[in-house]
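K.L.:
Going down the list, the protein sequences come from chains P and D.
Using the working numbering, read the first sequence as starting at 442 and increasing by one per residue.
Using the working numbering, read the second sequence as starting at 3 and increasing by one per residue.
It cannot be assumed that every hint is accurate.
Cβ pair distances, simulated, as ranges [stated by the list, open to error]:
#1 D:Pro140 <-> P:Gly555: 38 to 44 Å
#2 P:Val560 <-> D:Thr394: 44 to 50 Å
#3 D:Leu224 <-> P:Gly555: 40 to 46 Å
Some, not all, of what chain D presents toward chain P, calculated at C-beta under 10 Å [said to hold, decoys possible]:
#4 Gly210
#5 Lys244
#6 Lys268
#7 Lys359
No wet-lab data here; the hints were simulated from the structure.
Note that CB positions come from ideal geometry on N, CA and C, so glycine has one too.
One letter stands for each residue in the lines below.
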Amino acid sequence: METYVQLLLNSLQIGAVYVLFSLGLTLIFGVMRIVNFAHGEYFSLAALLIAVAVPWFVGLGAPLGVAFVVACVAALGAVLGLGKLMYDFGFRRFQRDMIGSFVLSIGFALLLQGVFIEVFTPASRKLPTLVSGNVHILGAGITLQRLVLCGVALLVAGAVYWSIVSTRLGTALRAVAEDHEAAMLQGIAYQRIAMIGFLIGTALAAVAGALLAPVAVISPTIGSAYLIKGFIAVVIGGLGSIPGAIVGSLLIAVIESVGGYYFDPSIATIAMFVIVMVVLLVRPAGIAGHA
Amino acid sequence: MKHIGKTLVACAGLLALTVGAASAQETIKLGISAPMSGAAAIWGLGMQWLAQEAAKSVNESGGVKVGGKSYRFEIVAYDNKYNAAEGTKVAQTLLNRDGIRYIIGSVGTAPVMALQSLSERKGALLFTTAWGASIKGPKFPLTFTEINTPAEVIPPLYGYVKQQHPDIKTVAILNPNDATGKETEVVSRRIWESLGVKVVASDWYERGTTEFQPIAAKMAGLKPDAIDLGTAPPGDSGVIFKEIKVLGWNGVKVVPAGTSAESMIKIGGDSVDGVYMGLSADFDGPQATEVQRRLNKGLRAAVGEPINIVQIGGYDAVMALKAGMEAANSLEPTAIAAVLPTIMFEVSYGKTTFGGKDTYGSPQHMLLPAIVSQVKSGKLIELQRAVPAELTRRLAGK
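Chain D with its partners taken away, still in its complex shape (with noise of 0.2 Å):
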């Protein structure tokens, strides 16, 4: 009975140092802006949930160190709605009346382009999975992209469109009348163009579009021979499709920001088989790495869906600001900004760095692989995984 009684007060006494431990450890709020409705719901939702798995898996192993203190990670997500007055509404939420002073995870080029106006301003550190180049560069040394953007995602992937359709002589691109879609535009253009391809016509449409009928009849009526829906979200990708393929066209489809081949494949049913995309990778496949697997499999059981590639973005940025502030020795954003491209550090796709300056004017993209997918049968095959030639450089050491 004696023996028992000293267990329990052991027991209760390694209690008490656990939490108290645990306890001094001071909370660090993470924030994200992304859509968690309409549409685009997906991206913001899978997005919450795998930062969220990237704080637990930093808290686990004994969270941030830094000066000698160790922290824990918070993640605090809002609803942007995928729109620039949601989005300035939630960058007022996020740094103003919560204090934030990360931004892992933000998507849509319209209301990042709210929340840098503020991040900046505020000296917070923004994460971003917006596409709009106009939104990196030295005017804005506080703002990191952790996804691949049209720079990186077009050329390699029209290029492999061509290759394998070389009769592809002109094209019809759709995209949102938002900046996302309108930086895009500019870029598909320019590289159809280059490789030889007729633009036929490049229209817009709202978000939030229901009914597609009219332009599927005009891209249909155009008769191209690819039709590229640029920014589309997989949702609206999937009825644009569906509507086309009524009206008989059957040519080559392109979709560059086509993130969830999943959900455009529930909803575009045989309709998207033979899609391009050029932001969906098979994070269950061989090329996958097996944090991205677990990764994966997590999230289907959580939300129904795979990882896409907007998604784990978030995941990646927890990553890279973790190892940012332990480098830098320094909870200031400024700091951890200027030490961020020079390290090396581990992401879900192994050991990268931050570059681009080449193409930016600074070292402010996450460098990761080029992916080539295609919908075939129901199923999203992965056909490329290229490293970038400046991540190989930099791995090399040179």
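Here chain P stands alone, though its shape is the one from the complex (with noise of 0.2 Å):
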């Protein structure tokens, strides 16, 4: 029973990172239709500027909790302000052009790895515990400061789930997803919502570093990693499918921690990898894709 658990909450803290990550994949092909390989970008550059600005903070004299938040906030509006500035001068000029805005894209993000290796350094670093304490949930133990940050992930996550299927914007989101000519025709101004729809996804890998960097080791090239697994998560949940990169999130994260468990981490990727040759293979649109 205790192994079943710790594999549940194993699942759950890996998981909650990469459902906000492969959210805002998902949120940008289904809007703008173009796949963003700079994606893991955004979320380096936040948790690389929290790490930077927290301990500049603290030597400023502000506490550790508060110099966290406004790290957050500023990082957040950094990378904002880099998403729109990608956007305005790339992406806006390639919607639609899948071989296009997958070369920009792997531009981007070559030319921002660079640009991070040398402005940060490639050293790793290491925030100081914001919440210290383990605790343990049917014999099952977690550090305090992964459950709330787990619980802050889960909550973001079910709040652009809820703003996508209840609001006025999340609904002209859906309708330029599905099909963006009909949506004009119903007045929704495309070019808007397509660029707003970047933004959030922008957003919410920020969030996503944020989240992540008071307990990982961060380095310039720490979205890659979390790229790759963002990606496996919405083939498998369907390209621009908000319910199927959830779902696809939380299988890869399954996989991870129970793989990983009975197995070993190698063969839990390596099994990540066939499930997504099956999926394509059984259901090239994704588990909860359109064709």
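Combine the two chains into a complex, taking the hints into account.
P.N.:
Structure follows, in structure tokens:
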């Protein structure tokens, strides 16, 4: 029993960040029909800025918790600024152009990784513990910090899901994702909605990076690992599908957790790729995607 | 006024002569292929800085003197990202594009194997910190190791640990899933078993992994007496021990290839207390040499961390190469390779030479002290620095 609870807890804490990351990726694909391979860089930038800013604010005398919150807000602003620049000068011109946007986003990813290594140095960084202590649930252990961050990640994911399902903006986003020409005929300002969708996706990657920053070792290439996992999640769930991204993320978190426990992490990684291949063969549009 | 004019003319003349002499020296480029980004970045960054210090020291003392000419050293370093694919790219860049004939530092068995396949064919000299035994031997006459490897590190380390904790009966091993990890695991398993310790699990993870909870849950669940993190880099080791501590496991912790205690402590906090390390030395401590203390201070100021054993290989290789070139009185890599095992030279640890013929089939291994250290209350303590028997014999002229 204790083992199963531990595996469930592990899956939830890993999956919570994957969900946020892949929601952003799938949202951008949904509204713009592009796969943004630079998505991981928003994640990296947020985590790196927080890793630099928190010790700096603490050095100025701010309490650790306040320093973290202020750093998160600043990082979110910076990432949104970068996202807007990339949208205006790049992605806006390559909407619904899979090949063009693929080349562009790979170029952005390589450029940003180089800039991050130059600016932040390649050395790994670690934030001090924000919330100390461990909790035990039915014999399974988790740090209080991870539990809090996991809870916040699930809350944010829930809020995004609710907004997309229940608000006017969410309806517009879904309409554009479904059929952008029909949406425009209904009076929806496609360009504006595409930009908002892109920025929401960007912000979600930044929030994921911010939530992971206190519990991970941060380096300029941290986003690449999450991009691969996020991409696997949205391919399994169905590119452009919000419920699909959530299901896909939780599924790969379970594979990572259970596979890593009963076999080893390398076999778990292989299993993820095998599942992607099976899904693409059996249901190319993904679990919840539309053909 | 006239005197001032004469003095100025004399100074200008002297300056012109000095500059002329300096520019008359030819420059020899020395390459490095090492990780400069990711969890192992500190290895490459430190190695580059230390190699540059060695080159500076050689250049300031008049350069390398071969055939009546004096040469300067210049370091060229590239990021191999600790993987074979990038290692191949770096090999092409160093050997084909830049035309470099001396690689004085290369880190990571997988990228080094990629580099070695080209360096041996191109007739370039390769000094490496790669751990794998498969890169050494008579098949690779131009390859030299500048660091202790599993055969030199693991037996004394595990022996010491078992002596301190005779009640250890089981161990769980974890290694990165690459050539470095694979080769180390074989030696680790053999030595643990020879000490009467049962290997209850031996697992692999991919470099670049960010979530270690699943493997931590597995290792803690097995309840081994000891956990051995093999060739996991310091950052990964810190995270893994932290995750394992949350799950309540508190046994004997060993990191044979643990090179940077400071990085591990920074990330793992008190969860890494008690970790035994096989490749971590206290270069500020009483057993360190004067050169090592000076370099340690400099590296701390430059990159914010003390020296680790992988990095210092870059310094030692530059010194070995200088000695080899001068002894061979040639810049030809094959001539230098032939003379290296026959001479004694000064590196950061003191006087040494190349040996290891009994283990590897050819004398290509720099004979260095085997160091056993432990993290105690957030600090690294050097427990043992043993000079290899072969070096003791060679120093005694036998």
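K.L.:
Hint by hint, note whether the structure agrees.
P.N.:
Going through the hints against the structure:
no.	hint	verdict
1	D:Pro140 <-> P:Gly555: 38 to 44 Å	holds, 41 Å
2	P:Val560 <-> D:Thr394: 44 to 50 Å	holds, 49 Å
3	D:Leu224 <-> P:Gly555: 40 to 46 Å	holds, 42 Å
4	Gly210	holds, 5 Å
5	Lys244	holds, 8 Å
6	Lys268	holds, 6 Å
7	Lys359	violated, 36 Å
Of the hints listed earlier, the one the structure fails to meet is number 7.
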